[in-house]
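*Asks:* Residue numbers (this note's numbering): 95 to 156.
Don't read these hints as lab results, they were simulated from the structure.
Please read these numbers as outputs of a predicted model, since none were measured by experiment.
Please note: incorrect hints may appear among the correct ones.
[As the list claims (entries may be wrong)] Per label pair, the in silico range of CB-to-CB distance: (1) 133 <-> 154: 52 to 60 Å; (2) 101 <-> 152: 33 to 41 Å; (3) 104 <-> 152: 26 to 34 Å; (4) 155 <-> 132: 25 to 33 Å.
Ideal Cβ placement from N, Cα and C applies to all residues, glycine included.
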Amino acid sequence: MRTIELNQMELIEGGDFWGSFCKGFAAGAVVYEAGVLANIWNPAGQAGLVALVSVSAACILI
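Please take these sequences and the hints and turn them into a complete structure.
*Replies:* See below:
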């Protein structure tokens, strides 16, 4: 089994949280908004759509 030296451990990084969150959120938002535009469903109503647009805008600005 290979050991990792302390200086190597300091270089280990996690993924980019905001990038991953925004990609996942955008995937869900596209499906949801397509359903709203096609008038198939809108379970969260106008407030849900406003929240969706707000988070999407924040992802663009970050």
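*Asks:* Going back to the hint list, which numbers does this structure go against?
*Replies:* 1
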